[in-house]
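Here is how the chains run, residue by residue.
Number of protein chains: 2
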Amino acid sequence: MKFIDLKNKAGSHSPSIALIRRLLPDLKINVDACFLSNPYATDLFYDYFQKDLIDSNKLREVLEYYPSQNKNIAEFLSKVIEISPENILIGNGAIQLIEELLVHHLKGKVGIPIPTFSSYYEILPEERVHLIPLKKDNDYKFICSDLIKDINENDIKIIVLINPNNPTGDFIETNDIEKILNNCPGLNHIILDESFIHFNNDGVSKIETYFDSNSNLEKVIGIKSLSKDFGIAGIRAGYAILNKSLRNNILNQGLLWNSNGIAEYFFELYSRKEFIVKYENVLKRYLEDKNDFLNKISTIQGIKVIPSCANFFLVEILSSKKSDDIVEKMLFDHGVYVRTCSDKIGLEGEYLRIASRSKTENDQIFDALKKSI
Amino acid sequence: MKFIDLKNKAGSHSPSIALIRRLLPDLKINVDACFLSNPYATDLFYDYFQKDLIDSNKLREVLEYYPSQNKNIAEFLSKVIEISPENILIGNGAIQLIEELLVHHLKGKVGIPIPTFSSYYEILPEERVHLIPLKKDNDYKFICSDLIKDINENDIKIIVLINPNNPTGDFIETNDIEKILNNCPGLNHIILDESFIHFNNDGVSKIETYFDSNSNLEKVIGIKSLSKDFGIAGIRAGYAILNKSLRNNILNQGLLWNSNGIAEYFFELYSRKEFIVKYENVLKRYLEDKNDFLNKISTIQGIKVIPSCANFFLVEILSSKKSDDIVEKMLFDHGVYVRTCSDKIGLEGEYLRIASRSKTENDQIFDALKKSI
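Chains A and B, in that order, are what the protein sequence lines are.
Numbering follows our numbering, in which position 179 of the first sequence is assigned residue number 179; successive positions increment by one, without gaps.
Numbering follows our numbering, in which position 183 of the second sequence is assigned residue number 183; successive positions increment by one, without gaps.
There's no promise every hint is true.
[Claimed, not checked] Taking lysine-lysine pairs in the PhoX-like style, the calculated list, with each CA pair at most 25 angstroms apart, reads:
# : chain 1 : residue 1 : chain 2 : residue 2
1 : B       : Lys-51    : A       : Lys-58
2 : B       : Lys-51    : A       : Lys-51
3 : A       : Lys-2     : B       : Lys-71
4 : A       : Lys-58    : B       : Lys-58
5 : B       : Lys-58    : A       : Lys-28
6 : A       : Lys-71    : B       : Lys-9
7 : A       : Lys-58    : B       : Lys-28
[Stated by the list, open to error] Covered by chain B, according to a simulated footprint, are these stretches of chain A (three or more residues, beta-carbon under 8 angstroms):
# : region
8 : 84-95
9 : 259-272
[Stated by the list, open to error] Incomplete in silico selection of chain B near chain A, CB under 10 angstroms:
#  : residue
10 : Glu-64
11 : His-104
12 : Leu-106
13 : Ala-233
14 : Asn-252
15 : Asn-258
16 : Asn-260
17 : Ile-262
Simulated from the structure, these hints should not be mistaken for laboratory data.
Fair warning: this is a prediction, and the values are worked out from it, not measured in the lab.
All C-beta atoms, glycine included, are put in the ideal place defined by N, C-alpha and C.
Take the sequences, apply the hints, and build the full model.
Here it is, written out as structure tokens:
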């Protein structure tokens, strides 16, 4: 079986590790460098989970009983992000909130700069999607004036900005977002998906800052996955920050009981100050490793590593090789799985997206990449 | 603090155990007889969970990685219920599927016999809801000819039947459902919510039987919570059985990644034959206890226990006492929490809903009830 066969089996998305393991049980996969999370944070979370739930025999109860309602769980989070619980909507992963908002509640044409996370346009009917190609010769960076022009010329009602963007890692500054808000009179909403914001080394801009003024609170909708920064994708935890009336409209039609017991435990844990202190330490360590990794892979000949404010790197292959072939070689010869970008629209050329993992894993990724290019 | 204060704090729903514990930390609650689940099944599930995930150190991975997509998890369930995965939609609890179907995908007026599970009408705008009061003098049983008349006279497009019904415990037979299908030409869908079907002693009718013929498959939508029979409400697992085109329409707009890692583990466990054999044993034991409990509480003077095919009993208070006062007395004097029905529309009189729990707990419920009536 070749990588192309795995891709065909996987359907519209890149083959998951679980699928590869099922189809190729004898293949040893040492590193999953498709997976965009901080593994040190998973360790930290699991230490608490072990102590709080397993060792104290409380886990059975967490699995047996109904979790609290959305608004009650929002109260835990409110303490951390210092936003009123009335402006918080908890999601069964960020994806649930993206779907709920874009498909069912917000009307009009949606502007989506590409390349980006494909779910944003895949869930929408074609007539509601307006793709905005970012330019290769500018490393696919957001250009604020271009975005404003595009929004105004195409009757865009909602613009989606993943910040930092996936897979480019580009970061749009607060003052550029202000410019869009001030210069696009027809725009109803900016969806600001800050799922990778913790990995921005400067880390200054946070969704929360946009909610200082009431006018922004009407227009900006923050989306945040917690799977990446806390390394807990299996739990399904995310949230949105949005204006009260939109939140209440959504809760009147559902999402009252959309968290599971483990996600509720996570939100309670996240509200503890001592946990946050420890989390910031493992984040710091992860970012140091990420920077070392960037320096190391940048020395490899035959590729261009695009600067990134996230925890992954978009890597262009400068030779005539295909990204799928390099992914195949890295996986089958070295047990290192990186993300091909051959299915990503909006990219010109052959690209890989490589996640920074633990220090040991990064060394393995580096070796495999160097030998496969 | 009195029970009425707890109710006021709880908002639209009966106060949860978690809320009572938070507001009254010193109150000892021995039995939660509001909670409609089989505790022996929770024990069984947790035994497997301990062995498969905790003892083998696999739990960290289940919490760290993304779970599989909806359609992949449907394949596990398909083996158990013998329905094609293309007719299965996995839910983050049954409630997610109820919301998704009724609010976003099915059009027209929804007929809802009352008393019933209130979420069915609370999530819908008033103009789409047509309540069908069941008759007290007939123990709030479904009367098929009345339902057919009501559906045809009121342009009902969707009828919701919880089977057995909550809180009445009444069970509508397969041939009555066939009659509705055959005699309501304007009806588009029957939603058959079989969340309590495992607790019906006869247990013959299953959603799956309606999917033998293609015509039923077009009209009948099965909804199934797994929280009750398996005692795993904290995990959030449910499913719908529905026709392919409706399923595909829903999946095109979302719900692709709506399960968490523990729910995925449960569906895999459920597909193992040895687990099902053990589950059937704990179900049998639970039903025996339920029947003993029914016989016992039926001897109490001053109440009427309505016959039930589910794992709970609707109990009418024949004295002049209020149900809220009895709930308060049972909770504060005996640490036994039963569900008041004072907020349930469609009931005439004062009612409690009492869940059958473990044998030991049932004895405590019996004592508390006898002393409080």
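Next item on the list: Mind checking the CB of Asn-260 (chain B) against every CB in chain A and telling me if the closest is under 10 angstroms?
Entry: Hint holds; Asn-260 (chain B) Cβ to chain A Cβ min 4 angstroms, cut 10 angstroms.
Check: Is it true that the CA of Lys-2 (chain A) sits at most 25 angstroms from the CA of Lys-71 (chain B)?
Finding: Satisfied, since the Cα-Cα distance of roughly 23 angstroms is no more than 25 angstroms.
Check: Given the hint that Lys-58 (chain B) pairs with Lys-28 (chain A), does the C-alpha gap stay at or below 25 angstroms?
Finding: holds, 17 angstroms
Check: Close enough to count: is the Cβ of Asn-258 (chain B) nearer than 10 angstroms to one in chain A?
Finding: Holds, because the Cβ-Cβ distance from Asn-258 (chain B) to chain A comes to roughly 6 angstroms (cut-off 10 angstroms).
Next item on the list: Take a quick look at whether Lys-58 (chain A) and Lys-28 (chain B) sit within 25 angstroms of each other, Cα to Cα.
Entry: holds, 17 angstroms
Margin query: Just to be careful: measuring from the Cβ of His-104 (chain B) to every Cβ in chain A, is the smallest value less than 10 angstroms?
Written below: Cβ of His-104 (chain B) sits 6 angstroms from chain A, so the hint holds.
Next item on the list: Given that the region 259-272 of chain A was listed as covered by chain B, double-check it with a C-beta distance under 8 angstroms for 3 or more residues.
Entry: Our answer is that it holds, as 5 residues pass the Cβ test (under 8 angstroms) against chain B, meeting three.
Next item on the list: Using Cβ atoms only, decide whether Ala-233 (chain B) comes closer than 10 angstroms to chain A, and label the hint accordingly.
Entry: holds, 4 angstroms
Next item on the list: With a cut-off of 10 angstroms on the beta carbons, see whether Glu-64 (chain B) makes it to chain A.
Entry: holds, 5 angstroms
Next item on the list: For the hint on Ile-262 (chain B), just tell me whether its beta-carbon gets within less than 10 angstroms of chain A.
Entry: holds, 6 angstroms
Margin query: Between the alpha carbons of Lys-71 (chain A) and Lys-9 (chain B), is the straight-line distance 25 angstroms or under?
Written below: holds, 13 angstroms
Notebook entry, point to check: Count the residues of the region 84-95 of chain A with a beta-carbon closer than 8 angstroms to any beta-carbon of chain B: does the count reach three?
Noted result: It holds: at least three residues are needed, and the region 84-95 of chain A offers 3 whose Cβ sits within less than 8 angstroms of chain B.
Checked against the numbered hints listed earlier, the structure breaks hint 12 alone; every other hint is satisfied.
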